[in-house]
Each structure stands twice: as structure tokens, then as C-alpha cells.
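Participant: Single-letter residue listing:
Protein chains: 2
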Amino acid sequence: MAAAVDESQKWVLMVTAQTPTNIAVIKYWGKRDEKLILPVNDSISVTLDPGHLCTTTTVSVSPAFTHDRMWLNGQEISLAGGRFQTCLREIRSRACDVHDKEKGIKINKKDWDGLHVHIASFNNFPTAAGLASSAAGFACLVFALGKLMNVKEDQSQLSAIARQGSGSACRSLYGGFVKWIMGKDDKGTDSLAVQLADEKHWDELVIIIAVVSSRQKETSSTTGMRDTVETSLLLQHRAKEVVPKRILKMEEAIRNRDFTSFAQLTCTDSNQFHAVCLDTCPPIFYMNDTSHRIISLVEKWNCSEGTPQVAYTFDAGPNAVMIARDRKTATLLLQKLLYTFPPNSDADLNSFVLGDKSILKDAGINAPEDVATLPPPPEIKGQQFKGDVSYFICTRPGRGPVVLSDETHLLNPETGLPK
Amino acid sequence: MAAAVDESQKWVLMVTAQTPTNIAVIKYWGKRDEKLILPVNDSISVTLDPGHLCTTTTVSVSPAFTHDRMWLNGQEISLAGGRFQTCLREIRSRACDVHDKEKGIKINKKDWDGLHVHIASFNNFPTAAGLASSAAGFACLVFALGKLMNVKEDQSQLSAIARQGSGSACRSLYGGFVKWIMGKDDKGTDSLAVQLADEKHWDELVIIIAVVSSRQKETSSTTGMRDTVETSLLLQHRAKEVVPKRILKMEEAIRNRDFTSFAQLTCTDSNQFHAVCLDTCPPIFYMNDTSHRIISLVEKWNCSEGTPQVAYTFDAGPNAVMIARDRKTATLLLQKLLYTFPPNSDADLNSFVLGDKSILKDAGINAPEDVATLPPPPEIKGQQFKGDVSYFICTRPGRGPVVLSDETHLLNPETGLPK
Numbered sequence: 001m002a003a004a005v006d007e008s009q010k011w012v013l014m015v016t017a018q019t020p021t022n023i024a025v026i027k028y029w030g031k032r033d034e035k036l037i038l039p040v041n042d043s044i045s046v047t048l049d050p051g052h053l054c055t056t057t058t059v060s061v062s063p064a065f066t067h068d069r070m071w072l073n074g075q076e077i078s079l080a081g082g083r084f085q086t087c088l089r090e091i092r093s094r095a096c097d098v099h100d101k102e103k104g105i106k107i108n109k110k111d112w113d114g115l116h117v118h119i120a121s122f123n124n125f126p127t128a129a130g131l132a133s134s135a136a137g138f139a140c141l142v143f144a145l146g147k148l149m150n151v152k153e154d155q156s157q158l159s160a161i162a163r164q165g166s167g168s169a170c171r172s173l174y175g176g177f178v179k180w181i182m183g184k185d186d187k188g189t190d191s192l193a194v195q196l197a198d199e200k201h202w203d204e205l206v207i208i209i210a211v212v213s214s215r216q217k218e219t220s221s222t223t224g225m226r227d228t229v230e231t232s233l234l235l236q237h238r239a240k241e242v243v244p245k246r247i248l249k250m251e252e253a254i255r256n257r258d259f260t261s262f263a264q265l266t267c268t269d270s271n272q273f274h275a276v277c278l279d280t281c282p283p284i285f286y287m288n289d290t291s292h293r294i295i296s297l298v299e300k301w302n303c304s305e306g307t308p309q310v311a312y313t314f315d316a317g318p319n320a321v322m323i324a325r326d327r328k329t330a331t332l333l334l335q336k337l338l339y340t341f342p343p344n345s346d347a348d349l350n351s352f353v354l355g356d357k358s359i360l361k362d363a364g365i366n367a368p369e370d371v372a373t374l375p376p377p378p379e380i381k382g383q384q385f386k387g388d389v390s391y392f393i394c395t396r397p398g399r400g401p402v403v404l405s406d407e408t409h410l411l412n413p414e415t416g417l418p419k
Numbered sequence: 001m002a003a004a005v006d007e008s009q010k011w012v013l014m015v016t017a018q019t020p021t022n023i024a025v026i027k028y029w030g031k032r033d034e035k036l037i038l039p040v041n042d043s044i045s046v047t048l049d050p051g052h053l054c055t056t057t058t059v060s061v062s063p064a065f066t067h068d069r070m071w072l073n074g075q076e077i078s079l080a081g082g083r084f085q086t087c088l089r090e091i092r093s094r095a096c097d098v099h100d101k102e103k104g105i106k107i108n109k110k111d112w113d114g115l116h117v118h119i120a121s122f123n124n125f126p127t128a129a130g131l132a133s134s135a136a137g138f139a140c141l142v143f144a145l146g147k148l149m150n151v152k153e154d155q156s157q158l159s160a161i162a163r164q165g166s167g168s169a170c171r172s173l174y175g176g177f178v179k180w181i182m183g184k185d186d187k188g189t190d191s192l193a194v195q196l197a198d199e200k201h202w203d204e205l206v207i208i209i210a211v212v213s214s215r216q217k218e219t220s221s222t223t224g225m226r227d228t229v230e231t232s233l234l235l236q237h238r239a240k241e242v243v244p245k246r247i248l249k250m251e252e253a254i255r256n257r258d259f260t261s262f263a264q265l266t267c268t269d270s271n272q273f274h275a276v277c278l279d280t281c282p283p284i285f286y287m288n289d290t291s292h293r294i295i296s297l298v299e300k301w302n303c304s305e306g307t308p309q310v311a312y313t314f315d316a317g318p319n320a321v322m323i324a325r326d327r328k329t330a331t332l333l334l335q336k337l338l339y340t341f342p343p344n345s346d347a348d349l350n351s352f353v354l355g356d357k358s359i360l361k362d363a364g365i366n367a368p369e370d371v372a373t374l375p376p377p378p379e380i381k382g383q384q385f386k387g388d389v390s391y392f393i394c395t396r397p398g399r400g401p402v403v404l405s406d407e408t409h410l411l412n413p414e415t416g417l418p419k
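Just so you know, the sequences run in chain order A and B. According to my numbering, the first sequence holds residues 1 to 419 in order. According to my numbering, the second sequence holds residues 1 to 419 in order.
Source of the hints: derived by calculation from the structure; they are not laboratory data. None of the hints are false.
Intra- or inter-copy, both count: the list cannot distinguish identical chains.
Think about it this way: if two alpha-carbon atoms lie no more than 27 Å apart in a straight line, the pair counts; the simulated DSSO-like pairs of lysine-lysine are:
#	residue 1	residue 2
1	Lys240	Lys31
2	Lys361	Lys328
3	Lys31	Lys300
4	Lys419	Lys147
Values in this document were obtained by computation on a predicted structure and should not be read as measured data.
Between the sequences and the hints, there should be enough to build the whole structure, so can you do that?
Facilitator: Next up, the structure:
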């Protein structure tokens with residue numbers, strides 16, 4: 001055994017990475033292989049700016065570590081789950097020689113099997129908000145471990161590993177516009193993500209997320225999509241007949257920055273995903289009355305303008321992700337949303353509109369009392385639903401994973417334990 | 001011209017009929033011919049007891065009438081609509097000789113073209129409650145006119161005329177369990193209703209309707225189904241591949257009084273109908289959070305019992321129609337519903353539970369304060385949603401149209417004007 005992995009040694013090697021979350025505009029719903037997480041159709045997503053929504057993960061290795069451990073948002077969690085183990089095993093099997101000259105650390109390829117890792121992960125948004133935290137989380141875990149272990153595989157190959165942690169995680173390995181190719185191989189080697197365009201390709205787009213208050217406990221997406229595959233008589237038709245054509249159209253819309261087509265495809269695909277959820281036995285409802293009201297507002301506005309101004313899409317929960325064609329539209333949208341879903345009187349504006357707050361300024365909202373001066377949007381006949389939206393996040397398409405500098409480590413560089 | 005139709009004569013001849021409403025258990029959604037109202041698939045319904053939900057219509061003829069007139073719930077309404085005109089024309093063209101010896105009135109077949117009718121119609125339930133009032137209304141109009149004009153066609157032939165007033169009206173020409181055969185003929189001659197079984201065939205069933213409070217204006221079913229046909233990519237698959245098999249299974253379930261199969265088909269078909277509404281562009285939401293909660297309650301109860309106790313189905317609105325396997329189950333269901341959706345404190349029990357109030361007695365509810373003593377149903381974790389249901393109607397499968405006695409006329413026998 002090389003000196004490098006002598007357990008008496010005190011060194012700790014670590015890497016910290018940041019990975020974005022993503023929102024599907026052509027939805028993934030239904031697995032053809034539960035264990036390998038192989039989907040029944042291709043999907044396409046937009047990566048969200050990690051400045052507003054991301055996971056930061058520090059992975060570290062030391063001969064002093066006696067077993068693999070992980071902390072999520074400061075709490076130690078079990079790594080016993082099959083999905084964590086799969087990602088760890090797949091990455092370890094691709095580990096290469098590492099030589100950190102500065103620290104004088106040398107790890108040989110074959111040593112990795114005997115070494116344990118400590119992992120600390122942190123989301124800069126509420127985990128429970130239903131904002132695809134597992135996608136960013138598994139993407140970040142795989143990306144960071146890949147850097148730590150000097151894995152030579154390219155981003156697409158890494159995405160196929162992240163996919164086995166959480167399907168949609170594979171799409172968080174790239175910025176901009178990303179396609180998850182379902183693949184044909186039974187072993188899933190060709191079920192991976194590719195970048196369609198980077199975040200600069202279409203940088204007028206502005207994204208506003210409405211985090212919707214809900215009294216319901218939602219069906220987990222794992223359980224939900226299993227039930228849909230087993231019971232929906234519409235899902236296979238969607239997967240085989242509808243989605244393949246939509247994927248081609250969506251790729252073209254993104255290529256041409258054709259917002260009209262992009263919005264139409266995004267909205268109809270979101271609605272069809274929720275339709276197959278409803279066609280499941282027992283039926284799954286992810287959207288609630290607030291979600292419906294947001295759709296109604298956007299649909300009526302788009303209709304009155306004659307051409308789509310805003311696209312909406314909903315994942316496995318009631319939160320609305322709205323994509324505005326440009327900043328001016330986003331400003332108008334935020335005004336309409338704030339009028340319709342004003343904060344509870346005890347909420348301050350600063351915690352009610354998160355992310356890129358400059359849009360709030362553009363909308364003329366500088367203080368809570370300014371919300372009351374907004375004009376009633378004609379789309380929803382001036383009805384108001386105070387407190388039905390918990391908060392908004394203003395963001396945009398963003399970059400893919402990056403390695404962060406040493407100061408950002410979530411683990412103590414000496415002990416490998418959370419700071 | 002026969003003396004009978006001398007306009008100076010004062011006689012008025014009238015017939016009053018009562019026709020039930022019906023609730024589809026395999027849904028009709030989508031027309032292949034808008035004008036003739038020809039559907040894209042067969043449907044099956046249960047006729048509801050006219051004692052609780054029905055339309056009563058008086059039709060009258062007199063040489064003194066100068067034009068066709070109609071009153072609905074006491075208000076005169078226009079007969080200019082194409083659907084009224086079609087029904088009137090189709091029935092008139094089949095009119096035969098009428099000889100009322102008692103009154104000394106004789107109308108020859110050929111005289112009908114020169115005679116006008118007065119019609120008065122009355123629903124014994126709120127028209128705006130979304131309880132298929134147009135189905136019962138057109139069925140009653142056609143049935144009553146058929147009697148007045150001595151039309152010789154059988155009930156199925158009449159149903160094909162009522163169909164042209166409102167599609168689902170054709171199913172209200174029979175009691176019990178009714179199938180609307182979509183037919184093949186481009187002219188719609190074979191698109192008509194047949195009775196699968198009468199109301200005595202399966203008389204254990206008890207029906208509870210929850211009339212749900214709603215702030216939304218709903219999409220009319222005419223507009224909604226047109227939009228679905230034009231934009232949903234799932235509807236044709238439903239109509240061609242899914243429904244034909246379900247129809248056969250539902251006929252078998254009804255024949256065998258197989259409640260498990262009946263409930264499963266009823267619930268999944270209701271959900272699929274709402275799924276294709278959601279797959280429409282723009283999407284149509286008929287169910288709201290209250291509807292979802294009712295489904296959740298019933299699904300969880302059915303699941304915990306291991307076998308379905310209650311079926312649910314929703315038409316183009318948020319109201320739930322629940323079919324309980326027997327009276328004991330209906331009593332338990334009503335208890336669970338009253339606990340979960342208690343009346344606003346200002347509502348009295350008598351106007352909160354309508355129809356067959358004996359189920360309320362069986363449930364041990366004799367006074368408003370008894371509602372507060374009900375045990376929390378485990379299915380919905382004791383959550384309560386006061387005021388979210390406007391009222392309940394307890395009913396059962398019921399008979400088809402009947403002619404009522406002269407005392408029930410809604411028009412004055414002398415003047416032919418509303419009483």
C-alpha cells in the first residue's frame with residue numbers, strides 16, 4: 001500500500017462544487033427501468049441560475065475517515081440508500097491517480113477502494129419547497145466526486161451516473177438548455193444528458209417561480225411515476241406518440257429562439273404531464289387552485305396579447321415556474337402576480353421576492369405599501385388571493401456545475417467534519 | 001282546414017311530463033359532428049331518482065297561440081336557439097292525428113305545421129348547480145311534445161331527437177342504466193340511447209351528490225369539448241382505444257351488479273375525462289381543491305377497506321357524485337362528508353342535506369349540533385373545510401320519463417300561460 005493511504009496520516013483532500021437545479025420544459029414522467037432510472041421518453045430542461053437556486057457540495061477524502069458519511073444542510077443523513085450507493089460505486093470505479101503536489105498527497109487509482117469520503121451538501125433554497133433539490137443534489141455529488149477522484153469521463157458520462165441518483169439530476173450537469181436522451185441500451189449507458197445550447201444563447205429569458213402554499217402532502221415523484229406507468233392508459237401514447245414530435249419542435253424552438261413555439265410547447269407539455277397524473281389510479285393531483293389561477297392568469301394574458309408573453313410549467317407540486325420572453329414582460333408579470341397574490345401582512349417584501357430583486361425595482365415596488373398601488377390585472381378580474389403564494393423567486397437560465405475555491409468548503413479542511 | 005284548428009277556437013290541449021337527470025359513469029366528451037351532436041365514443045349513465053332531481057315540463061297547443069313560447073322556472077326564454085328549433089322541427093315532422101274525445105278536439109297530422117306551442121319547464125333543483133339540467137330539460141321537452149303530438153316513435157327514436165338538443169339528454173329518456181350508442185351514420189340516425197337495465201335491477205345503490213362551492217366561472221361543456229377535440233393529443237386515443245373496452249366492461253359490471261368493477265371503471269373514467277380536459281389548450285379545470293379532497297377521502301377509504309365502497313364521478317364542474325354500494329355504506333359516507341365539510345354555521349341542516357333525508361337519520365344526525373359529535377374520518381386526518389360544500393343531495397338510481405296528471409300542469413289550462 002502506498003504511503004499516501006496510510007491511515008495514520010492526517011491529510012484531508014477536498015473539492016467543493018456548485019450545481020444548478022433545472023426545470024423541465026418537456027417533462028420526464030415514467031421509468032422503463034426503475035433501478036437504472038431509464039425514462040420512457042426524452043426530456044428537455046432549462047438550467048436555472050445557480051446564483052439563486054443551487055446546491056453546494058464539498059466532498060473530501062482522508063485515510064483517517066472510517067466510513068462514508070454525509071451531511072445535508074448541516075444534518076447528518078444516512079448514505080444507506082441504494083441511489084447514493086450506486087453513485088458512489090459508479091464514481092469510485094472510474095477513479096484515477098491523484099497527485100496533489102502542493103499538499104504532497106498521492107492517491108493511486110487502486111487505493112480509492114480502501115478510502116472513505118465525507119460529503120457536505122447545502123441548498124441555497126428551502127429543500128421542502130419542491131424545487132428539484134434532489135436533481136441539483138445528485139448532480140453536485142457526482143460532479144464533485146468526479147473532480148476529487150480525477151474521473152476522466154466527460155460531462156455526459158457523468159450525467160449517466162447522476163441519473164442513477166435522481167433521473168432529472170442528469171440534466172443539471174450542463175447550463176443553458178439540456179436534453180436528456182432516453183437511450184436504447186438496457187444497461188442505460190446511452191441514457192444521458194447533452195447540452196442543446198448554453199445559457200448565453202437565449203439570455204433575454206427571465207424566470208419567475210411562485211412557491212405556492214399547500215396544505216396537501218404530495219405524492220413523491222418516484223411513487224407517482226411508478227403508479228402512472230402501471231395504471232395510466234394514456235401515458236404510453238404520450239411517451240411514444242406525442243413526446244418524440246414535441247422534442248424535435250422544442251429543439252427547433254430553442255435553436256431559433258422562437259418564444260411563441262417555446263411557450264406553446266412548454267405549457268401544453270406541462271399540462272399533459274399533469275393530465276397523465278390525473279389518469280393514474282388513484283389519481284395524482286400536483287396542482288391546486290392557486291396553480292390553476294396562475295395558469296388562468298397567464299393564459300388570458302397571452303390570449304389578449306395575441307402571442308405568448310409567458311410560458312408556465314409545473315413539476316410534481318403546486319409551484320409555478322414562469323418563463324417570460326424578456327425583462328419587460330417579466331416586470332409586468334411580477335406586477336400582475338403581486339397584485340393577485342399579495343403577501344400576508346406580516347411578510348416583508350425582502351423575504352417575499354427572492355433572487356434577482358432588481359425586477360422588483362423595475363416594477364416600481366420599493367416598499368410593501370407599493371404592492372397596494374398596483375393596478376388590478378384584467379385577466380383575473382381584480383380578484384386577490386392573499387397568502388396563497390408563499391414567496392416568489394426571480395431568476396434566469398444559468399450555467400452548469402463549477403468547482404468553487406477553497407474558502408467555500410463546507411467541511412473543515414483539517415478534520416473533514418462540518419464547519 | 002279542419003274545424004279543430006280554427007284560430008277562433010279557444011281550446012288548449014296540454015301534456016305535463018317529468019324527466020330525470022342522469023350522471024355518466026363512462027363519460028361523453030367530444031363531438032364528431034357539432035351540429036347533429038354525434039359523440040366520439042359511447043357513454044353509459046345512471047338515471048337519478050326524479051323525486052330528487054328532475055325537470056317537469058308542460059307542453060300545450062292551441063289555435064289561439066300566435067307563436068312558439070317557452071318559460072323556464074317562470075322566466076320566459078328565447079326559443080330562437082338552433083337546438084330548440086331542431087327538437088321542435090324533428091318532433092313536429094313526426095306528429096300524428098290527435099283526437100281528444102273528452103274535450104272534443106281533433107288535430108290532423110297535417111295541421112301541426114300551422115299550430116304553435118307553449119312550453120313551461122321547471123327544475124326541482126338549482127339550474128346553476130351544474131347538475132345536468134339541460135339533459136333533463138331537453139329530454140322532457142322532447143318526451144312531452146312526443147306525447148302531445150301523438151308521435152309513434154319509440155323511446156330510442158325520441159332519444160335521437162333529444163340528443164340534438166343536448167347530447168346527454170338522450171340518456172334521460174330511460175330509467176336505470178342507459179347506454180348512448182355513438183352510432184356510425186353521418187346523419188346520426190343510429191346515435192341513440194338504449195336501456196341496459198332498469199332501476200330495480202340494482203336497487204341497493206345509494207347516490208350522494210356534493211354541490212361544491214366555487215369561485216370560478218366554468219367553461220361550458222359545449223366550448224370545452226370543442227377545444228378538447230381540436231387541441232388534445234390524448235382525446236382520440238381515449239375515444240378509440242380506451243373507451244370501447246371500458247364500455248364492454250361497464251356493461252358486464254352492471255349486468256352482474258359487480259360493484260368493485262363498477263366503481264373502478266366509474267372513477268378511472270371520470271379521472272380520464274378530466275385528464276383530457278387538462279390536456280386541452282388552454283387547459284380546462286373543472287375540479288377544484290374541494291373536488292380533489294373528496295376524491296382523496298373516497299380513495300383512501302376504498303383502499304383501507306380493501307375493496308371499493310364508493311365510486312365517484314365528476315361532470316363539467318366541481319360537484320362530486322358519489323355512488324355507495326349500499327345504504328349502510330352511504331350512511332358512513334355521509335358521516336365522513338359532514339365531518340369534513342360541515343355547513344357554515346348559518347346553514348340549517350334541512351337545507352344542507354336535501355333529497356332522501358332518511359339517510360341523515362340513519363347517520364344519527366337529527367340536529368345541527370349532532371354534526372359536531374361525528375368522529376373524525378381517518379382518511380383525511382380529521383381536517384375540516386367548513387363551507388366548502390354548499391349542500392348535499394341524497395338520492396338513488398331512478399325511473400325514466402313519465403306523464404303526470406292534469407293537476408300538475410305548469411300552464412293555465414284555459415289560457416296556456418304560466419300559472
